[in-house]
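The opening residue of the sequence shown carries number 4 in the numbering used here; numbering runs sequentially from there.
I should point out that these hints are in silico values taken from the structure, not numbers from a laboratory.
Where a beta carbon is used, it is the ideal one built from N, C-alpha and C, also for glycine.
Any given hint could be a false lead.
Said to hold, decoys possible - Heads up, simulated PhoX-like pairs for lysine-lysine below, C-alpha to C-alpha not over 25 Å straight-line:
(1) Lys73 <-> Lys62
(2) Lys53 <-> Lys89
(3) Lys8 <-> Lys89
(4) Lys41 <-> Lys17
(5) Lys11 <-> Lys90
(6) Lys89 <-> Lys21
(7) Lys73 <-> Lys21
(8) Lys7 <-> Lys21
(9) Lys89 <-> Lys73
(10) Lys40 <-> Lys6
(11) Lys7 <-> Lys62
Unchecked claim - Distance windows between CB atoms, simulated:
(12) Asp44 <-> Tyr69: 18 to 28 Å
(13) Lys8 <-> Lys40: 28 to 38 Å
(14) Val55 <-> Gln82: 26 to 36 Å
(15) Val25 <-> Asp5: 36 to 46 Å
(16) Lys89 <-> Val25: 34 to 44 Å
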Amino acid sequence: MDKKKVEKRSKCMKPFIKYVNVRHLFPTRYVVDIDLKKAVDEADLVDAEKKVDTKKQLKTIFYDRYMNQKEVTSEKKAQGSSYFFKKLQF
């Protein structure tokens, strides 16, 4: 695909924020080097306006990481990011 088409398709990312119990997460062999703990704070999730701002910030983080997938240093992280951004098959 050409660069214009990739940018057009990647604009439709819609992040969401949800509280999840850590004990219910299932570990996988894939690792993504996106640090979301700095971007999301629990205090921001209480107020609706701050939650919208946090979602916009997450969208920019995901968009930048998606567009720069080839600049990953480790092979394991590159494999994890390609899995993370792949469409799920149900």
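Hints, one by one, checked against the model:
Annotation: proposed proximity of lysine 73 to lysine 62 holds, straight-line Cα distance about 19 Å (limit 25 Å). Distance check on the hinted pair: lysine 53 and lysine 89 sit about 29 Å apart at the alpha-carbon level, beyond 25 Å; violated. Under the criterion of a C-alpha separation no larger than 25 Å, the hint pairing lysine 8 with lysine 89 is consistent with the structure, at around 16 Å. Between lysine 41 and lysine 17 the alpha-carbon distance is near 19 Å, which keeps this suggested pair within the 25 Å criterion.
This hinted pair checks out: lysine 11 and lysine 90 have alpha carbons roughly 16 Å apart, not beyond 25 Å. Proposed proximity of lysine 89 and lysine 21 is supported: the alpha carbons are some 21 Å apart, at most 25 Å. For the suggested pair lysine 73 and lysine 21, the alpha carbons sit about 29 Å apart, so the restraint of at most 25 Å is broken. With a C-alpha separation of about 32 Å, the suggested pairing of lysine 7 with lysine 21 is violated against the 25 Å cut-off.
The straight-line distance between the Cα atoms of lysine 89 and lysine 73 is roughly 15 Å, inside the 25 Å bound, and the hint therefore holds. Only pairs whose Cα atoms come within 25 Å are accepted, and lysine 40 paired with lysine 6 is rejected, the gap being roughly 31 Å. Proximity of lysine 7 to lysine 62 is assessed by CA-CA distance (about 19 Å); at most 25 Å being required, the pair is judged to hold. Take aspartate 44 and tyrosine 69: their Cβ atoms lie about 23 Å apart, and the range 18 to 28 Å holds.
Checked against the given bound of 28 to 38 Å, the beta carbons of lysine 8 and lysine 40, roughly 33 Å apart, stay inside it. Judged by the Cβ atoms, the range 26 to 36 Å given for valine 55 and glutamine 82 holds: they are separated by roughly 33 Å. For the hinted restraint 36 to 46 Å between valine 25 and aspartate 5, the CB-CB distance of approximately 41 Å keeps it satisfied. One distance hint, 34 to 44 Å for the beta-carbon pair lysine 89 and valine 25, is violated here, with the actual separation near 24 Å.
Checked against the numbered hints given earlier, this structure breaks hints 2, 7, 8, 10, 16; the rest are met.
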